[in-house]
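**Q** As a plain string of letters, each chain reads:
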Amino acid sequence: MELTQQAQTAEFFKRLNPNKLAQNRLDIFNQAKEALIKNGLPKLKEEEYKFTAITKTLDKAKVSLLPAEKFDISASLTRKEVIADLDADIIAFNNGVYDANLSSYSPSLNVNVEDGSTETASFKKHFGSYAKADKDAFIALNTVYAKEVVHIHLAKKEVLTKPVIFRYYQSNNQETSYPRVLITSEEFAEGAFIEQIISEEGSGYFINGLTEIYCAENTHLQYHKVQKQSKEAIEVNTLEVFQEKSSTFSSYLLSLQGGMLRNNLNITLNGSGGEANMNGLYLLNGQSHVDNHTSVDHREPHCNSNELYKGVLDDSSRGVFNGKIYVRRIAQKTNAFQQNNNILLSEDATINTKPQLEIWADDVKCSHGCTTGQLDEEALFYLQARGVGKVSARAMLLEAFAADVIANVSIDSLRNYMIDNIKERLGAHY
Amino acid sequence: MLSIKNLHANIEGTEILRGINLEVKPGEVHAIMGPNGSGKSTLASVLAGREEYEVSEGEVSFLGKDLLDLSPEDRAREGIFLAFQYPVEIPGVSSTNFLKTAVNQVREYRGQEPLDAVSFLSLMKSKMGLVEIDQKLLSRSLNEGFSGGEKKRNEIFQMAMLEPKLAILDETDSGLDIDALRIVANGVNKLKSADNATIVVTHYQRLLDYIVPDYVHVLYKGRIVKSGTKELALELEEKGYDWIKEEVDGATV
Numbered sequence: 001m002e003l004t005q006q007a008q009t010a011e012f013f014k015r016l017n018p019n020k021l022a023q024n025r026l027d028i029f030n031q032a033k034e035a036l037i038k039n040g041l042p043k044l045k046e047e048e049y050k051f052t053a054i055t056k057t058l059d060k061a062k063v064s065l066l067p068a069e070k071f072d073i074s075a076s077l078t079r080k081e082v083i084a085d086l087d088a089d090i091i092a093f094n095n096g097v098y099d100a101n102l103s104s105y106s107p108s109l110n111v112n113v114e115d116g117s118t119e120t121a122s123f124k125k126h127f128g129s130y131a132k133a134d135k136d137a138f139i140a141l142n143t144v145y146a147k148e149v150v151h152i153h154l155a156k157k158e159v160l161t162k163p164v165i166f167r168y169y170q171s172n173n174q175e176t177s178y179p180r181v182l183i184t185s186e187e188f189a190e191g192a193f194i195e196q197i198i199s200e201e202g203s204g205y206f207i208n209g210l211t212e213i214y215c216a217e218n219t220h221l222q223y224h225k226v227q228k229q230s231k232e233a234i235e236v237n238t239l240e241v242f243q244e245k246s247s248t249f250s251s252y253l254l255s256l257q258g259g260m261l262r263n264n265l266n267i268t269l270n271g272s273g274g275e276a277n278m279n280g281l282y283l284l285n286g287q288s289h290v291d292n293h294t295s296v297d298h299r300e301p302h303c304n305s306n307e308l309y310k311g312v313l314d315d316s317s318r319g320v321f322n323g324k325i326y327v328r329r330i331a332q333k334t335n336a337f338q339q340n341n342n343i344l345l346s347e348d349a350t351i352n353t354k355p356q357l358e359i360w361a362d363d364v365k366c367s368h369g370c371t372t373g374q375l376d377e378e379a380l381f382y383l384q385a386r387g388v389g390k391v392s393a394r395a396m397l398l399e400a401f402a403a404d405v406i407a408n409v410s411i412d413s414l415r416n417y418m419i420d421n422i423k424e425r426l427g428a429h430y
Numbered sequence: 431m432l433s434i435k436n437l438h439a440n441i442e443g444t445e446i447l448r449g450i451n452l453e454v455k456p457g458e459v460h461a462i463m464g465p466n467g468s469g470k471s472t473l474a475s476v477l478a479g480r481e482e483y484e485v486s487e488g489e490v491s492f493l494g495k496d497l498l499d500l501s502p503e504d505r506a507r508e509g510i511f512l513a514f515q516y517p518v519e520i521p522g523v524s525s526t527n528f529l530k531t532a533v534n535q536v537r538e539y540r541g542q543e544p545l546d547a548v549s550f551l552s553l554m555k556s557k558m559g560l561v562e563i564d565q566k567l568l569s570r571s572l573n574e575g576f577s578g579g580e581k582k583r584n585e586i587f588q589m590a591m592l593e594p595k596l597a598i599l600d601e602t603d604s605g606l607d608i609d610a611l612r613i614v615a616n617g618v619n620k621l622k623s624a625d626n627a628t629i630v631v632t633h634y635q636r637l638l639d640y641i642v643p644d645y646v647h648v649l650y651k652g653r654i655v656k657s658g659t660k661e662l663a664l665e666l667e668e669k670g671y672d673w674i675k676e677e678v679d680g681a682t683v
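The listed protein sequences correspond, in order, to chains A and B.
Using the numbering used here, the first residue of the first sequence is number 1, and each one after it goes up by one.
Using the numbering used here, the first residue of the second sequence is number 431, and each one after it goes up by one.
No lab work stands behind these hints, which were simulated from the structure alone.
There's no promise every hint is true.
What the hints assert, rightly or not - Take a look, some chain A residues computed to stay more than 10 angstroms from chain B by CB distance:
1. GLU48
2. VAL63
3. LEU77
4. GLY202
5. SER250
6. GLN384
7. SER392
Stated by the list, open to error - Derived lysine-lysine pairs resembling BS3-like cross-links, with alpha carbons at most 27 angstroms apart:
8. B:LYS656 x B:LYS669
9. B:LYS660 x B:LYS620
10. B:LYS651 x A:LYS390
11. B:LYS651 x B:LYS620
12. B:LYS581 x A:LYS390
13. B:LYS495 x A:LYS390
If you're wondering where the values come from, they're calculated on a predicted model, not measured in any experiment.
Even for Gly, the Cβ is constructed at its ideal location relative to N, Cα and C.
Here chain A stands alone, though its shape is the one from the complex (with noise of 0.2 angstroms):
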C-alpha cells in the first residue's frame, strides 16, 4: 500500500491509544488525523512541495510511517559531532523519544516531557497554537504520533547561562521518528538552542520533527540547526516561531549532508518592534537535496524580518528555496529583506529559487534578491596572480562567500564547529 493511503487508513490510526490524552490534547489530536485522512502526504507536484517529491522518496525508501521503537545508542554515537568546548544543557532524544539517560541539564533548567494524560497551563496555552495540522501533512503526521512532548519554559526575565541542545539518535531502521519539542517564555527572557540530528553513516530512516517556539514579549531567542546526517537519511522539520511584542528571534541553519532534507521555518511577527533573523547555509555535494521553505508573516507595524540564505552546491546535488515574505495591511513600516545567493560548481547540481512575496501594507520597506551563478572568475584570477593557488583561491572565495551566513552565531564554541565544517566541506585548508 502506498504511503500516502496508508497514511489515511483506519488501521494506521488504530495503532494509536489516545484514549489516555487530556481533551485539550485529544482536540488537536483528532484535528490532525482528520486533516491526515483528508489531505494524505504531499502528492507529486504539489505546490508546496513541487521540487521536493517527498512522498515517492518515503515509498522508495520503504520507510515505514509507524514511529520507530527505541534503539540501543553505542558509546561511539553519543561521540559523535560532539561540539568541542561547547557548555550545554542536553537533551536527548532516542528515536524520536526523549531518553532520560543520555539528557543531562541543570535543575534549574525548566523541562517538563508531558505525555499527554495531563497538561501545564503553559503547555494547554501554546501547545499546537502555531503549528496547525491542516497547513501541513507532516504537522499533522507528528501531531498524531508524537508520543511525547518535551517541554522548556523561560520564566519572566530568566536568562538561560547556557545554550541549550537537542540531540536526536536515529537507528537505521527505514522508520519514522516523530520528535516534538515545545518551547515558551515569558518577557524579557532570553535563551539559545542548538538541535543536531546523529546518525552512523549508511542508516536509513525518516525524521519528522517538529517544533513550536513562543517569544513573549522582549525576549531574546536563538535557534540553531545543524543538519549533518547519513547519506540517506529523510527528513521533513518545521520550526514554528509566534513572536510578541519586541521580541527578536534569530534561526541559524547549516546543511551539510542528509538524502531528502526539508526544512520548513514559519514566523508569525504578532506584535510591532519584532525583529526575525532568518539565516541559513546549504553546503551540498554528492546526492544531497535540501529543501528550505520559510515563510514570515507580518502581522504588526514597525516589525523587522531579515533572511539571508546561501548555498553551494557540487556534484548531482539539489536546492530548493522558496522564501515567503507576507506584509498585512495594518503592518506599516516593516523592513523585510529577503537575500538567496548560490554558486553551482558542477553542471549536473540544481537550484529552484523562488522569492514570494505579498505586501498589503503601503509604507514598508521590502527587498528581495536571488542569484545563482559560478565562482567569480575574475576574483580566481586576481587572487592567483598573487601567487595563490588555484584551490587555495576557491577555497578561499568560496568560504568568504558562505561564512557571512553564521557570522553572528554568539556562541563561540558552536560558531568555530560550524566554521571547521565549513571549511572542510571547501576545502578550506589554506
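For this one, chain A is given, so just place chain B on it according to the hints.
**A** Only chain B this time, still in chain A's reference frame:
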C-alpha cells in the same frame, strides 16, 4: 629578464596582439603607451596569465622559463606582479589573511620557510609606510569599499610585500588624483632596484613625470610601432597619437 617574441593573442577569435616584440632587462623601466584599444591592457593580462586570452603565436620567456607554460599563480611565484587597472573587491576575504597566504605560498614555491604570524606582521608594518596605507584598511575585506586611490595604493602595497622581479602596472594612474598619483609613484620608485624591472602601461604621460622610463614604446593595433626614450612620451603628450596612427596606417596603404 623578459623576452617577448612575435606574440599574437586573441580573445574569442578577435586578434588583439599581432606580433609584439619586447626585451626587458633588470633595472629597466619600460613604458607602454598607446591610444585606447591598442592592446596595452591585453599585453599586461597575457603576461599575467589571464585565461580569456588565447596566445596563438609567439613566445615569452621570463628568467629563462617559458612563461606561457605557467599558471597565473606560478608566474606570480616566479616574480611577475600585475598591478590591476581595476583591483577586484572581494568581500569576506580579509586583506591580511589573503596576503599572508600569498606571501607564504610564494615563499614555499621558492623553497623558503613560511613566515610566522609575528614576522609576517612586522614585514607588513615595514612595507605599509611605503605607500602610506592605513592599517585599518588592511583589517577590512580585500578592497571592499576602498576608494579608487586606496585600491591602487593597496596594489603597490601588495607589490612591496611580494617583492616581484618584474612589476607590470596596468593603467595604475587611472582614477587617481595628483596626490594619490604621487604616493603611488613614490612607492614604485622606492621598490626599484638594479635587479628588478618595471613595465608601466599608461595612456597619459602624467605618470611618467613620476616614474621615469628608460624606454617608451607605442602600441597601436596590437604591435609596437615606435620605441624611444622618455622624450617620446613628451612628444605624444604634446601631439597626441594621431601622427603615429597616420604614420602606421599610411605606410600600410
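**Q** All hints, please: hold or fail.
**A** Status of each hint after checking the structure:
The claim that GLU48 of chain A lies off the interface holds: its Cβ sits roughly 33 angstroms from the closest Cβ of chain B, which is beyond the 10 angstroms cut-off. Separation of VAL63 of chain A from chain B is adequate, the least Cβ-Cβ distance of about 40 angstroms exceeding the 10 angstroms criterion. The beta carbon of LEU77 of chain A sits about 35 angstroms from the closest Cβ of chain B, which is more than 10 angstroms, so the claim that it is off the interface holds. Against chain B, the non-interface label of GLY202 of chain A holds: every CB pair exceeds 10 angstroms, the least being about 35 angstroms.
Once the 10 angstroms rule is applied to beta carbons, SER250 of chain A is consistent with being away from chain B; the minimum gap is 20 angstroms. A beta-carbon of chain B comes within 10 angstroms of the beta-carbon of GLN384 of chain A; the shortest separation is about 4 angstroms. For SER392 of chain A, the non-interface assignment is contradicted: its Cβ lies about 6 angstroms from the closest Cβ of chain B, within the 10 angstroms cut-off. Under the criterion of a C-alpha separation no larger than 27 angstroms, the hint pairing LYS656 of chain B with LYS669 of chain B is consistent with the structure, at around 15 angstroms.
Restraint check for LYS660 of chain B and LYS620 of chain B: the C-alpha separation of about 20 angstroms stays at or below 27 angstroms, so the hint holds. The hinted pair formed by LYS651 of chain B and LYS390 of chain A fails the criterion: a straight-line CA distance of about 33 angstroms is larger than 27 angstroms. For the hint linking LYS651 of chain B to LYS620 of chain B, the alpha-carbon distance of about 33 angstroms lies beyond 27 angstroms, and the restraint is violated. Only pairs whose Cα atoms come within 27 angstroms are accepted, and LYS581 of chain B paired with LYS390 of chain A is accepted, the gap being roughly 23 angstroms.
Note on LYS495 of chain B and LYS390 of chain A: the hinted pairing holds, with a Cα-Cα distance of about 21 angstroms set against a maximum of 27 angstroms.
Hints 6, 7, 10, 11 from the list above are not met by this structure, while the remaining hints are.
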